[in-house]
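Asker: Residues per chain are reported as follows:
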Amino acid sequence: MTAPIYITGCGVVSAIGLNQKQSLEALLGERSGVGLLTYLKTEHKEFPVGEVKLSDAEMRKLLGISENAITTRTALMGMLALDEAMKQAEITTEMLHEIGFISGTTVGGMDMSEQFYLDYISNDFHKEYISVHDCGNCSEMTAKHFGNFAFVTTLSTACSSAANAIILGANMIRCSEAEIVIVGGSECITKFHLNGFNSLMILDTKPCRPFDATRNGLNLGEGAAYLVLESEKSVKKRNAKIQAVLSGYGNACDAFHQTASSPDGEGAYRAMKEALEMAGINTTEVDYINAHGTGTPNNDVSESQAMKRLFGDNVPPASSTKPFTGHTTSASGSIEAVFCILALQNGFLPVNLNFSQAMDDGIIPVHQPTKKDLKHILCNAFGFGGNDSSLLLSKFEQK
Amino acid sequence: MTNKEIYVLSAKQISIQQPLSEEWMTNPTMYEVPFCRSIDPSFKEYVSPIEARRMGKILKRALATSKEALKASGLETVDAIVTGTGYGCIENTEFFLDALSKEGEQLLKPTYFMQSTHNTISSLIAIQTKNHGYNATYAHKGISFDSALYDAYLQFRLNKISSALVGGHDEMTETFYQILKKGGVIGFDNEICGEAAVSVVLSDKQENALCKLSGHKIIHQQGIDSLKEKVAKFLQENGKTFSDIDVILTGISGYKANDDAYMSETKALFGDRPLLKYKNLFGESFTASGIGFYVAAQCLKSGFVPRNLFVNEKDISDQRPNNILIFNRSDGTNYSLTLLEK
Amino acid sequence: MDELIYKLKQEIIEALNLEDMTPEDIDENASLFGEGLGLDSIDALELIVLMEKNYGIKLQDPNQGKEIFKSVKVMAEFIQKNRTK
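These protein sequence lines are chains A, B and C, in that order.
FYI, my numbering numbers position 124 of the first sequence as 124, with every residue one higher than the one before it.
FYI, my numbering numbers position 276 of the second sequence as 1276, with every residue one higher than the one before it.
FYI, my numbering numbers position 47 of the third sequence as 2047, with every residue one higher than the one before it.
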């Protein structure tokens, strides 16, 4: 068993709330944030989405950023979530020169590029936005708002980006490269990937129904979440309050297809197994699985298979929280990790909304409100191309 | 944690020099153009026509260099595939963005979208080599390759892996070159904007290695004094003093502001140690540091540093270096140090 | 019908980027997926885009593709019956 990594702060922004408190209320109150497209300027109003309920201008105001500053929606959401995480962990600007920041994103500044692309190619208007197109820039912009971190980099593995950011951060701490690393991801909805997913015909025009027989695709979402990972040594030194424990993690490649998961869920199975082995816990000790559960015909059957292969006849209670937030793509790994931490702290199983009919060959997700004392939770995030990651989060028990 | 040694078993490249070859060491192609796409080999032996039809150059090059690097390494498989790319699959991103902007939001081609995400490269290599191991992609401009290398490096130290395929891949189209030049991102005076595809196989087994990877660190800018401190610490951790370093490989590229910064920082950090460069031959790209890694590894293995890599004439020497410290500077925001030894 | 079949072959070659093929290389009765031309699910999506773009036929369910794209001939017959362009 490896030394635990402590989580001493969390911040989360999504369709169901701008912080942990609002998110918890929505999860307990079974209130989805998925609805009509409001902020993104697109023709495709037929798709329900999980937008963060703030315009870019409103986010700037909250962050004290001037109207004229060059920013991207992904970075703005990231800043809001990072702010909450740092405050909870009591991390100040002065401390950042020894702290790492790792963020996951795939769209980066595409929300701006897609608006100004025709200008980019034919005139000089909006050229100041060209340099913020890439993923790395987004992370730097988010980090810079708070100060000068010791280390900044960006993961980009589609829907498992944030989960993989968490994994790198944990590895850094285990190698004593840093005592504190802030990890997670951020992603805003863009026309680019809304249309991209639509061209793959995996979006549903109705609210998504993970693990339901009638499921017909995903709803896109957006948001950001960061976790403050901290070594035992640092926690003791700072007397930091521990929110939860990162006991294990796994990363494996499905290696099947660019956009589909294998029928037997090989990558998912290996990632979950690795997480459990690292944590040194048995399958019987997992109290809940926060599934990737996008609601596409393909993912849900593949993920169900992976769970059955690993847990046999005793698959723990599982649910997808994507009906609450939509699929927040690159940020989903950290947003859902924070939801798992809320579940650990408050002793409840998040409900898989919109479920009514069991699918063939699938798991039956948690669909009734359930209070339960939870010790260990598996949190899955699977990206296009088979980038499958799984985190094992545990309740911190004060000894 | 372990102190096990990490060896560079093989390194292959496709760039503006002869592809998959070390001909640049004795017979380089010289360029005086602001922008040049890579010289491509025939991809037929690496990817079937039915598969190749969807792939932009970046994907075909990634497959070719990966397969060659794996073959040369003698390893059947690797435990991890980690890739760095600054801007990802630009060709396909451009196709999709172009269609979206000019034709609207209907009837868009799924293939372009599917092949546009950054992690397409790493996952395609895994699909083609049937590899279920660790797989990740980093996209952080000039330290994308360095981040991928760092990830693998940490996993070696944690004994999580015994081998890894680490890649740095970037492509550039004429359209994006013009856009990024307009945006002040690339295309500076006297710099060649190139493309880079590098695949490196690392292992804890020594057989026929090109060199050893002794240390690797990424630093986020914090002023020259802090940098000095961290560089000294890095060398100390690797049992070296400043005078133990034989040569330093820099990212001097021809662009005055970049080069002046390199010169002043290397002087402040390393005094008068001999400096090398490689971008005069390979051009600049977001994952050029991967090319730098490849160049250093080949120089150590062959014992020969081509004269045109030396920055200062007074340093030109036929002496075989025992080590090369790669000093990579990305926009003055991020730095990386990589120590390779014979 | 022959004219439509030939045109369709050209359009398929273009849409699926089958660079080294000519219409003469495609047997209109051979299966497009699996054994024949060896196309896959992403190609099916591209063909769905093609049908809407060039012939005004909108398929809501990608699974309908399995029957319609059995061969070029079957596809042409479907288009003939349902085209709005």
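Everything labelled a hint here was simulated from the structure, so no lab data went into it.
Do not take every clue at face value.
What the hints assert, rightly or not - Only pairs whose alpha carbons sit at most 30 angstroms apart, straight line, appear in this in silico DSBU-like list of lysine-lysine:
1. C:LYS2007 x A:LYS45
2. B:LYS1067 x B:LYS1044
3. B:LYS1182 x A:LYS127
4. B:LYS1228 x A:LYS233
5. C:LYS2070 x A:LYS45
6. A:LYS191 x B:LYS1314
7. A:LYS237 x B:LYS1181
8. A:LYS41 x B:LYS1181
9. B:LYS1130 x B:LYS1102
10. A:LYS395 x B:LYS1160
11. A:LYS45 x C:LYS2066
12. B:LYS1233 x A:LYS237
13. B:LYS1160 x B:LYS1205
14. B:LYS1217 x A:LYS144
15. A:LYS41 x B:LYS1182
16. C:LYS2053 x B:LYS1102
17. B:LYS1230 x A:LYS233
18. B:LYS1130 x A:LYS308
19. B:LYS1102 x B:LYS1212
20. A:LYS308 x A:LYS191
21. A:LYS191 x B:LYS1182
22. B:LYS1217 x A:LYS236
23. A:LYS191 x B:LYS1181
24. A:LYS233 x B:LYS1217
25. A:LYS127 x B:LYS1044
26. A:LYS237 x B:LYS1160
27. A:LYS237 x B:LYS1205
28. B:LYS1314 x A:LYS144
29. B:LYS1230 x B:LYS1160
30. A:LYS21 x A:LYS308
Asker: Find the hints from earlier in the document that the structure breaks and name them by number, from lowest to highest.
Answerer: 1, 5, 6, 7, 9, 19, 20, 25, 27, 28 and 30
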